[in-house]
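Asker: Line by line, the protein sequences give chains H and P. The opening position of the first sequence corresponds to residue 33 in our numbering, with each subsequent residue numbered one higher. The opening position of the second sequence corresponds to residue 21 in our numbering, with each subsequent residue numbered one higher.
No lab work stands behind these hints: they were computed from the structure. Predicted, not measured: the structure shown is a model, and the values here were computed from it. Using N, Cα and C, we set each Cβ at its ideal position, and we do this for glycine too. Check before you lean on any hint, since a few could be wrong.
Stated by the list, open to error - Derived lysine to aspartate or glutamate pairs resembling EDC-like cross-links, with alpha carbons at most 16 Å apart:
no.: 1; chain 1: H; residue 1: K338; chain 2: P; residue 2: D62
no.: 2; chain 1: H; residue 1: K113; chain 2: H; residue 2: E388
no.: 3; chain 1: P; residue 1: K79; chain 2: H; residue 2: E404
no.: 4; chain 1: P; residue 1: K79; chain 2: H; residue 2: E391
no.: 5; chain 1: P; residue 1: K79; chain 2: H; residue 2: D397
no.: 6; chain 1: P; residue 1: K185; chain 2: P; residue 2: E120
no.: 7; chain 1: P; residue 1: K183; chain 2: P; residue 2: E120
no.: 8; chain 1: H; residue 1: K113; chain 2: H; residue 2: E375
no.: 9; chain 1: P; residue 1: K79; chain 2: P; residue 2: D57
no.: 10; chain 1: P; residue 1: K59; chain 2: P; residue 2: D33
Stated by the list, open to error - Quick look at which bits of chain P chain H covers, simulated, 3 or more residues with Cβ under 8 Å:
no.: 11; stretch: 62-73
no.: 12; stretch: 80-88
no.: 13; stretch: 94-105
To be verified - If the Cβ cut is set under 8 Å, some of the chain H residues that face chain P in the computed set are:
no.: 14; residue: N73
no.: 15; residue: V361
no.: 16; residue: A402
Listed below are the residues making up each chain.
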Amino acid sequence: MSEDARFGLDKSVRLLGPLPLDSGGELAPVELAYETYGSLNADVSNAVLICHALTMDQYVASTHPLTGKGGWWTDMVGPGKPIDTNRHFVICANVIGSCMGSSGPATINPATEKPWGMDFPVLTIADMVRAQALLLDHLGIERLHAVIGGSMGGMQAISWTALYPERVKSAVIIASAARHSAQNIAFHEVGRQAIMADPRWRGGAYYADDDPPSSGLAVARMAAHITYLSEAGLTEKFGRRLQDREAKTFGFDADFQVESYLRHQGISFVDRFDANSYLYITRAMDYFDLAEAHGGTLAHAFKGSKTRFCLISFDTDWLYPTSESRTIVHALNAAGAAASFVELSSAFGHDSFLLENPEMNRIVDGFLKAGETG
Amino acid sequence: MSKLRPDLQIIADNISPNARVLDIGCGDGALMAALRDQKKVDARGLEIDPANVASAVSKGLSVVQGDADTDLSAYPDGSFDYAILSQTLQTTHRPNAILEELLRIGKQAFVSFPNFAHWRVRMSLLVGGRMPVTRLLPQTWYDTPNIHHVTIDDFRALVRDGKLKQQGEWFLSGDKQTSRAMANLLAEHAVFLLRK
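Kindly produce the complete structure, drawing on both the sequences and the hints.
Answerer: Here it is, written out as C-alpha cells:
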C-alpha cells in the first residue's frame with residue numbers, strides 16, 4: 033500500500049470489529065485516530081509502533097491540534113532520531129478510551145446516537161493493544177520491527193510481546209511496570225474521586241451541556257503531576273520561592289511558585305482532555321497485572337519468546353521505580369528471553385522519559401539498529 | 021576489531037561455536053561482541069555499571085544492569101553452556117556462593133581473577149608494609165572494588181572444597197601466558213574452567 037510520508041496527517045479509520053473485551057463485552061465499531069510518519073518499505077519490515085502514556089495522544093511528532101504545541105517525543109522521533117522517520121514507518125494511535133479521536137466515552141454510542149458517557153465499556157491495557165492490532169491488520173502490517181512505549185505506553189508494549197509474540201521483533205519498555213502497585217492505584221483513585229466529586233460530572237453525562245467537570249479534572253491532574261516529578265526536581269525548580277510577590281499573603285491564593293505551577297498544569301490540562309477518558313484510562317492501568325494473566329508467574333508471559341527486549345528505568349522515578357523494571361528483567365531472564373536493561377540517572381523523576389536524555393537516545397538507537405542488521 | 025584483554029582472549033579461544041553464554045560482569049561487552057561475531061555465540065551479559073551497560077546495549081548486545089550478588093537467582097538451572105566471571109570474583113560479597121551460582125546456571129564456568137600472591141604484591145606488602153598497589157591492582161585499599169582478594173592457591177582450595185571439577189587453567193604475566201609451575205608466585209592473572 034502507498035502511505036503518504038508527510039508528517040502527521042490526522043488519519044482515522046472506523047473498523048467494524050467487533051473487538052472482544054476483557055470485561056466480557058465487545059466494542060463495535062472501533063474508531064481509531066492515528067498519525068504515521070515515514071514510509072512503509074517494500075517487504076513491510078520497518079514498522080515501529082509507538083504506544084502513548086495516560087494523557088498523551090497520537091501526536092508524538094506532530095503539532096497538537098488543540099494546544100498548538102509540538103509533538104510530545106520529538107527528541108526521540110524524527111529524521112535522524114533514534115526512531116528515524118527516514119528509516120522507519122512510525123505509527124502512533126490514540127488508545128481506545130481516550131479522547132483524541134479514538135472510541136471513548138465522548139464518542140457516539142451507535143445504539144443511542146448519543147455520547148457513550150459511563151455506558152462505554154471498561155477497558156484494559158490488553159484491550160487497547162488488541163485494538164492496535166486491528167489497526168495493523170488494516171494497514172497490512174503483519175510484524176512490527178519494534179513496539180516502543182514509556183509509562184502506560186510501556187505497559188502496552190510489554191502486553192504486545194505477550195499477546196502477539198510473533199508480531200513483535202523488538203520491544204522497548206521505558207519507565208514502566210508489569211503491574212500497577214497499591215500506591216499507583218491509590219493515586220489514581222484520588223484523581224477519580226476528584227472528578228466524580230465535581231457536581232458538574234453528573235454521572236459522566238455532561239457532554240450535551242458542554243459543561244464538563246473541569247475543576248475535578250484539574251485537581252486530578254495536579255495530584256498526578258506531582259507523581260511525575262521527583263522531590264529533588266521540584267525543590268530545584270521551585271524550592272519555597274513565592275509567586276510574583278514579596279511576602280506571604282496569609283490567605284489561600286497561590287503564594288508559592290509550586291502552587292501556581294500546579295494550578296497552571298491543572299487548568300491547561302482540562303482544555304485538551306476529557307474527564308471520563310481520565311476515569312477509563314486510569315482504571316485500565318489499575319487493572320493491569322501481566323503476571324495475573326499468566327497463572328501468577330510473570331516469566332510465563334515470555335515463554336519461548338523470540339522478541340528482543342530493552343528496558344530503561346530512571347533512578348528518581350518513584351511512580352514506576354527501577355525495582356518494577358527489574359522484576360520484568362528477572363522474568364525475562366527466567367524465560368531465557370534476550371533482554372537488555374539499564375537504569376539511567378536523571379533529576380526529573382517519572383517524566384524523564386519524555387525529556388531530552390542523550391543516554392536514553394543512544395541506547396534506543398543502538399538497540400533498534402542492531403535489530404536491523406540481523 | 022580491537023584486541024581483547026588477554027584473559028578474555030583465552031576464554032574466547034576456548035568456547036565452542038554456537039554456545040549459549042552468560043557473561044557476568046561483562047563490562048562494555050567486548051568479549052560478548054567477539055563471541056557473537058566470531059563464533060555465532062548467543063551471549064547475554066550482566067553488568068553493574070550503567071555506562072558500561074549503555075555501551076554494550078548500543079552495540080546491540082543483550083546486557084542487563086545488575087549485581088552478581090543479587091541478580092543471578094532469576095536465571096534457570098543449566099540455562100547456559102558457559103557462565104563467565106572475569107575479574108569480578110574478588111569484588112563480590114560472597115565469592116563461594118557466586119561460584120555455586122555460576123555452576124548452577126552454566127554447565128561450565130570460566131573464572132578469571134588477579135592473583136594476590138604474585139611476587140610483586142608480596143614484595144610490596146613485605147617491604148613497603150602497605151596494601152599493594154601494582155599494575156594489576158592499581159587502586160589504593162580504600163577505593164578498590166576488590167573486597168575479597170584471592171590467590172591462585174586459595175582458589176584451588178575453594179574448587180577442591182566445593183568438590184568442583186577443574187577442566188582447564190591458564191596463567192598470565194602481563195599479556196603473555198606463563199607456565200603452571202610456581203604460578204602462585206609468578207602469575208599475575210589466572211583463568212580457570214570449572215564444572216560440577
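Asker: Compare the structure with each hint and give your call.
Answerer: Tested hints:
no. : hint             : verdict
1   : K338/H to D62/P  : holds, 13 Å
2   : K113/H to E388/H : holds, 12 Å
3   : K79/P to E404/H  : holds, 12 Å
4   : K79/P to E391/H  : holds, 13 Å
5   : K79/P to D397/H  : holds, 10 Å
6   : K185/P to E120/P : holds, 12 Å
7   : K183/P to E120/P : holds, 11 Å
8   : K113/H to E375/H : violated, 21 Å
9   : K79/P to D57/P   : holds, 12 Å
10  : K59/P to D33/P   : holds, 10 Å
11  : 62-73            : holds (count 3)
12  : 80-88            : holds (count 7)
13  : 94-105           : holds (count 4)
14  : N73              : violated, 20 Å
15  : V361             : holds, 5 Å
16  : A402             : holds, 2 Å
Comparing the model with each numbered hint stated earlier shows that hints 8 and 14 do not hold.
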